[in-house]
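K.L.:
Residue numbers (the UniProt record's numbering), protein chains in the order written: chain A, 1 to 209; chain B, 1 to 90.
Just so you know, not all the hints are guaranteed correct.
Said to hold, decoys possible - Cross-link-like lysine-lysine pairs, in silico, DSS-like; alpha carbons within 27 Å at most:
| id | chain 1 | residue 1 | chain 2 | residue 2 |
| --- | --- | --- | --- | --- |
| 1 | B | K54 | B | K44 |
| 2 | A | K133 | B | K73 |
| 3 | A | K78 | A | K65 |
| 4 | A | K78 | B | K54 |
| 5 | B | K8 | A | K200 |
| 6 | A | K138 | A | K65 |
| 7 | A | K133 | A | K65 |
| 8 | B | K73 | A | K65 |
| 9 | A | K200 | B | K73 |
| 10 | A | K133 | A | K143 |
Stated by the list, open to error - Some chain B residues flagged as far from chain A (calculated, every beta-carbon gap over 12 Å):
| id | residue |
| --- | --- |
| 11 | M1 |
| 12 | D19 |
| 13 | R21 |
| 14 | T22 |
| 15 | H29 |
| 16 | V31 |
| 17 | W32 |
| 18 | D41 |
| 19 | S48 |
| 20 | P59 |
| 21 | D80 |
Keep in mind the hints are simulated off the structure, nothing from the lab. Don't be surprised by glycine CBs; every beta carbon is placed ideally from N, CA and C.
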Amino acid sequence: MALIQSNQVGANTDEMALVRAAKQGDVSAFEELVRRYDRNVFRIANHITHNAEDAEDVVQEAFLKAYQNLNRFQEQSKFYTWLVRIAVNEALMKLRRRRSDKTVSMDQDIETEEDTIPREIADWAPNPEQQFKQEELKQLLQKTIQGLPPSFRAVFVLRDVEGLSTEETAEALDLSIPAVKSRLLRARLQLRERLNKYFKNPQKDGNNR
Amino acid sequence: MTCAEFLKELTDYLDDALDSRTRAELEDHLVWCHECFVVCDTTKKTISIYRESKLYELPDDLRGRLHNAIVSKCKSKKPDAAAPDDKSKR
Numbered sequence: 001m002a003l004i005q006s007n008q009v010g011a012n013t014d015e016m017a018l019v020r021a022a023k024q025g026d027v028s029a030f031e032e033l034v035r036r037y038d039r040n041v042f043r044i045a046n047h048i049t050h051n052a053e054d055a056e057d058v059v060q061e062a063f064l065k066a067y068q069n070l071n072r073f074q075e076q077s078k079f080y081t082w083l084v085r086i087a088v089n090e091a092l093m094k095l096r097r098r099r100s101d102k103t104v105s106m107d108q109d110i111e112t113e114e115d116t117i118p119r120e121i122a123d124w125a126p127n128p129e130q131q132f133k134q135e136e137l138k139q140l141l142q143k144t145i146q147g148l149p150p151s152f153r154a155v156f157v158l159r160d161v162e163g164l165s166t167e168e169t170a171e172a173l174d175l176s177i178p179a180v181k182s183r184l185l186r187a188r189l190q191l192r193e194r195l196n197k198y199f200k201n202p203q204k205d206g207n208n209r
Numbered sequence: 001m002t003c004a005e006f007l008k009e010l011t012d013y014l015d016d017a018l019d020s021r022t023r024a025e026l027e028d029h030l031v032w033c034h035e036c037f038v039v040c041d042t043t044k045k046t047i048s049i050y051r052e053s054k055l056y057e058l059p060d061d062l063r064g065r066l067h068n069a070i071v072s073k074c075k076s077k078k079p080d081a082a083a084p085d086d087k088s089k090r
C-alpha cells in the first residue's frame, strides 16, 4: 500500500517562481503560498497542540516567520517541507509553554520494545468507522491520537495524514530516517491498539494473548 | 520469519518500501499467521481511517480571518535581508 499522496505533484514547477517573487517582497505571490498550505499547517498545528487557539496562532506565526525568513530558504527542499518545519517548531513551543514539565521534544520520548508488541488481536468490523456518527468519530479519533507522545503524533500526522515522504518528515522534524521509521511504527501500532476497543468486531471473540 | 521480525518490517511493508525478497517472506508469514494478518489489516485500517477522517478542517470564516491577518502583517514587513534594489522599488 503506497501511502504517499500525490496532491502536490506538479505544484512544484511554479512554486519556486512564487517563492522567488515573494522573496522580492511580492505579497500576492506569498498569498498564493498561504492559500496552498494554510489547511495543512492548521491540521498539523492542531494535532500537535491539541488546542484551537494555539493552532490559530501557529498558523499566523509560521507563515509570518516563513515570509520574513524567505531569504534563508535555500531552495534545496520543497517550500512546503521548509514551512512544515517552521510550523512544527512553533507548535512545539506552544506545547512547552502550556506544559509545566517543559520536556516536549522530538528526541525525548522513551522507547521500549514492549510498545510494539500488540496486546490485543481482534478482527475489526468491515467498516468499523461507520458505526459512529461523524462528529462522534472525530472526537474519538482526536482523543485517541492525543494519547500518543507528541513526537509520535507529529510523525504520524506528517507521514500518514499529510502524506510527506519519510525523508521529508525527517527533514521537517529534524530527526534521522531510522528515528522517523521507529516512531511511525510505534504510532501506528499504538493507535491501532487504542482503536481496538471501539472497532473490534462484536460478532467475533477477540483472542487475547 | 517470526512475528517479531514481521512487526519490525511492518511499517516498510505498508509503505511499499521493502525489497522483493523480504516482501515475499513477509507475505508468506501472513498466509499462516492469523494474528499478524489481523495486526497488519487493522493497522492499514487505522491509517486509512485517520487519513479520511478530515480532522481539524479549517473553517472558511476562520480561514478568511487568518488569511487577512497574515497578509496585512506581511504588507507591513519585507523578507529580511532582501537586496537593497528590490526594497527601493517597492
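K.L.:
Now look at each hint and say whether the structure bears it out.
P.N.:
A quick look at each hint next to the structure:
In summary, the hint linking K54(B) to K44(B) is supported, as the alpha carbons are separated by about 17 Å, within the 27 Å threshold. Between K133(A) and K73(B) the alpha-carbon distance is near 40 Å, which puts this suggested pair outside the 27 Å criterion. For the proposed pair K78(A) and K65(A), the alpha carbon gap of about 16 Å is at most 27 Å, so the pair holds. Restraint check for K78(A) and K54(B): the C-alpha separation of about 24 Å stays at or below 27 Å, so the hint holds.
Distance restraint check for K8(B) and K200(A): the Cα-Cα separation of roughly 24 Å lies within the 27 Å cut-off, and the hinted pair is therefore satisfied. For the hint pairing K138(A) with K65(A), the CA-to-CA distance comes to about 31 Å; that exceeds 27 Å, so the pair is violated. Distance check on the hinted pair: K133(A) and K65(A) sit about 39 Å apart at the alpha-carbon level, beyond 27 Å; violated. Straight-line distance between C-alpha atoms of K73(B) and K65(A) comes to about 11 Å, which keeps the hinted pair within the 27 Å bound.
As the CA atoms of K200(A) and K73(B) are separated by approximately 50 Å, the hinted pair breaks the 27 Å bound. Restraint check for K133(A) and K143(A): satisfied, since their Cα atoms lie roughly 15 Å apart, inside the 27 Å limit. Every Cβ of chain A is farther than 12 Å from the Cβ of M1(B); the closest lies at roughly 16 Å, confirming the non-interface assignment. The Cβ of D19(B) lies farther than 12 Å from every Cβ of chain A, with a closest approach of about 15 Å, so its non-interface assignment holds.
Distance check on R21(B): its Cβ is at least 19 Å (rounded) from any Cβ of chain A, clearing the 12 Å threshold; non-interface status holds. Listed as a non-interface residue, T22(B) keeps its Cβ farther than 12 Å from every Cβ of chain A; the least gap is roughly 14 Å. The non-interface label for H29(B) is consistent with chain A: the shortest C-beta to C-beta separation is roughly 15 Å, beyond 12 Å. Distance to chain A confirms V31(B) as a non-interface residue, since its nearest Cβ pair spans about 17 Å, more than 12 Å.
Distance check on W32(B): its Cβ is at least 15 Å (rounded) from any Cβ of chain A, clearing the 12 Å threshold; non-interface status holds. Not every beta carbon of chain A lies more than 12 Å from that of D41(B), the smallest distance being close to 8 Å; the non-interface claim is violated. Remark: the non-interface label on S48(B) conflicts with the geometry, its nearest Cβ contact in chain A lying 9 Å away (cut-off 12 Å). With a least beta-carbon separation of about 10 Å from chain A, P59(B) fails to lie farther than 12 Å from that chain, contradicting its non-interface assignment.
Distance check on D80(B): its Cβ comes as close as 5 Å (rounded) to a Cβ of chain A, failing to clear the 12 Å threshold; non-interface status is violated.
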